[in-house]
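Novice: If you're matching them up, the sequences are chains A and B in order. Okay, so the first sequence: first residue is 1 according to the UniProt record's numbering, each after it adds one. Okay, so the second sequence: first residue is 1 according to the UniProt record's numbering, each after it adds one.
Simulated from the structure, these hints should not be mistaken for laboratory data. Virtual Cβ for every residue (Gly too), placed ideally from N, Cα, C. Heads up, a few of these hints could be off.
[Unchecked claim] Covered stretches of chain A (in silico footprint by chain B; criterion: 3 or more residues with CB under 8 angstroms from a CB of chain B, positions within the stretch not fixed):
(1) 31-45
(2) 92-100
(3) 104-116
So the chains spell out like this:
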Amino acid sequence: MSTAALSPGPGVLAGRYGFAHVLRMEWIKLRSLRSTWWALFTVVAGMIAMGVVTMANTKAPSADKAATFDPTNNVLAGVALGQLVIGVIGVLLVTGEYSSGSMRSTLAAVPRRPLVLAAKAAVFGGVTLVLSEVVAFLTFLVGRAALDPAIEQPSLTDGGVLRAVLMSGAYLGLIAVMAVGIGALVRHTASAIGVLVGLLFVVPAMLAGATGTTVAKFFPTMIAGNSLAVSRPMPEMLTPWAGFALLLVYTAVVYAAGVRVLVRRDA
Amino acid sequence: MISVRGLTKRYGSTAAVEDLSFDVAPGAVTGFLGPNGSGKSTTMRMIMGLDAPDAGQALVNGRPYAELAWPLREVGALLEARTYHPGRSASRHLRALAAGGGIPGARVDEVLRTVGLSEVAHRRAGTFSLGMAQRLGIAGALLGDPGVLLFDEPVNGLDPEGVRWIRDLMKGLAAEGRTVLVSSHLISEMALTADHLVVIGQGRLLADTSVAELTADGASLEEAFFRLTSGSATYRGTAGPSAAAPHAAAPSDTSPTATSHRSTR
Chain A
1 MSTAALSPGP GVLAGRYGFA HVLRMEWIKL RSLRSTWWAL FTVVAGMIAM GVVTMANTKA
61 PSADKAATFD PTNNVLAGVA LGQLVIGVIG VLLVTGEYSS GSMRSTLAAV PRRPLVLAAK
121 AAVFGGVTLV LSEVVAFLTF LVGRAALDPA IEQPSLTDGG VLRAVLMSGA YLGLIAVMAV
181 GIGALVRHTA SAIGVLVGLL FVVPAMLAGA TGTTVAKFFP TMIAGNSLAV SRPMPEMLTP
241 WAGFALLLVY TAVVYAAGVR VLVRRDA
Chain B
1 MISVRGLTKR YGSTAAVEDL SFDVAPGAVT GFLGPNGSGK STTMRMIMGL DAPDAGQALV
61 NGRPYAELAW PLREVGALLE ARTYHPGRSA SRHLRALAAG GGIPGARVDE VLRTVGLSEV
121 AHRRAGTFSL GMAQRLGIAG ALLGDPGVLL FDEPVNGLDP EGVRWIRDLM KGLAAEGRTV
181 LVSSHLISEM ALTADHLVVI GQGRLLADTS VAELTADGAS LEEAFFRLTS GSATYRGTAG
241 PSAAAPHAAA PSDTSPTATS HRSTR
């Protein structure tokens with residue numbers, strides 16, 4: 001690019017800025033905040049630690065529970081923690097831009113707002129997906145080693161185990177995108193994190209207390225713990241694929257609502 | 001070139017900007033003058049496509065901002081003191097913007113030198129003083145070497161040396177044939193910087209004229225400004241020259257056109 005291309009006046013370059021430019025912008029933004037790295041480290045360390053601790057405390061099942069015994073579900077217990085950290089970073093990617101004022105410089109650079117949210121979701125969702133899949137496998141491999149030697153270790157080749165591990169990683173990728181959508185919908189950090197925690201933890205817990213699994217089984221955390229991260233599907237819960245499909249729908253709806261609000265409201 | 005046509009923005013029943021039309025021509029510094037709360041920042045945000053007008057339109061180089069092919073290469077703006085994340089360094093902040101605008105990364109170091117922030121380029125921008133924040137905002141405006149520049153209250157927080165620097169910078173940019181719109185409520189500063197003036201009060205156009213014309217009758221620019229805006233100051237203390245009855249209840253007692261009291265944006 002010559003300096004002549006930067007001379008004043010319109011029509012300085014052929015073509016138009018596109019999604020690739022916005023992706024690069026969001027990638028630089030994501031990695032240039034120290035908090036991103038700390039939070040992602042917490043996800044890795046927390047998920048592995050919880051997997052190990054849970055497995056170390058897993059007792060051999062009594063004869064009547066042997067049929068439903070599922071150590072794969074235990075080793076993936078850290079997903080519940082991981083989703084909170086991932087969700088908070090995702091929310092902050094958007095709300096942090098509003099609270100700091102940087103949303104204005106972002107939208108001045110990229111006035112086509114759907115591209116901004118798409119790039120945030122793609123960059124953070126992509127990073128989370130890759131990291132979470134790696135962590136899910138690591139957690140499984142490290143965690144099962146902590147299992148009481150008297151209990152048979154689960155293997156990735158056992159029925160449903162590989163799917164459970166893969167879906168647990170993918171779940172966090174979806175939470176990342178959903179959180180970006182919640183951030184765009186709600187805008188204020190505290191409120192957005194409140195919505196996130198409410199949807200992931202508080203509401204399903206209250207519903208589970210009041211009505212058992214009837215309604216609660218449709219909430220993301222319940223799907224993650226009881227439909228995805230299981231090698232033996234539980235009859236009263238959604239099947240793995242039904243749960244995963246429902247999560248895809250949730251993510252799409254929340255993300256689309258976020259785009260709509262971002263486009264329609266003044267920045 | 002900036003064209004504002006019938007621009008209107010309402011917040012509830014209050015009009016922040018009402019049927020505002022003016023052009024900003026290249027090759028001159030155009031001062032955008034008005035009392036606090038007169039709609040200067042709102043107008044600038046609408047020009048930048050950040051706020052949507054309720055009526056009318058603002059065009060940059062003949063197009064709405066959102067339709068520009070390379071926004072940062074066509075328009076540079078200093079909108080508010082802080083439009084960056086405090087946890088990011090000045091260098092990273094600008095590099096991200098450059099990436100989004102299709103601007104080579106080497107340009108970042110150039111503009112950091114221009115505004116005098118090279119030394120602190122890698123420090124977290126959250127530690128910057130208001131003056132440094134202002135300089136970082138100006139660096140962002142210059143990033144794409146644009147032909148159109150908007151500065152909203154650029155001298156805020158700058159020391160006297162900084163004020164002179166931004167004044168010379170804006171004049172230099174205009175001398176290169178660029179379009180420069182600078183808002184201020186500091187009349188003395190405008191008298192030194194601007195060639196042309198757009199004066200608004202309560203969101204309406206009060207004057208669109210050269211500095212020379214406005215002061216042709218021998219009045220100082222300040223006197224001319226007060227004459228123009230006498231009926232349209234939104235916020236006014238009671239100890240001033242035109243102290244009057246409680247303004248919160250009846251702020252528009254001096255103006256037949258004013259309709260209601262306006263809160264901050």
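Novice: Are 3 or more residues of the segment 92-100 of chain A near chain B, judged by a Cβ distance of less than 8 angstroms?
Specialist: holds (count 3)
Novice: At a Cβ distance under 8 angstroms, does chain B reach at least three residues of the segment 104-116 of chain A?
Specialist: That given contact holds, which follows from 9 residues of the segment 104-116 of chain A lying within Cβ reach (below 8 angstroms) of chain B.
Novice: Residue count check for the segment 31-45 of chain A against chain B: does it reach three with CB-CB under 8 angstroms?
Specialist: holds (count 4)
Going through the hint list in order, the structure satisfies each hint without exception.
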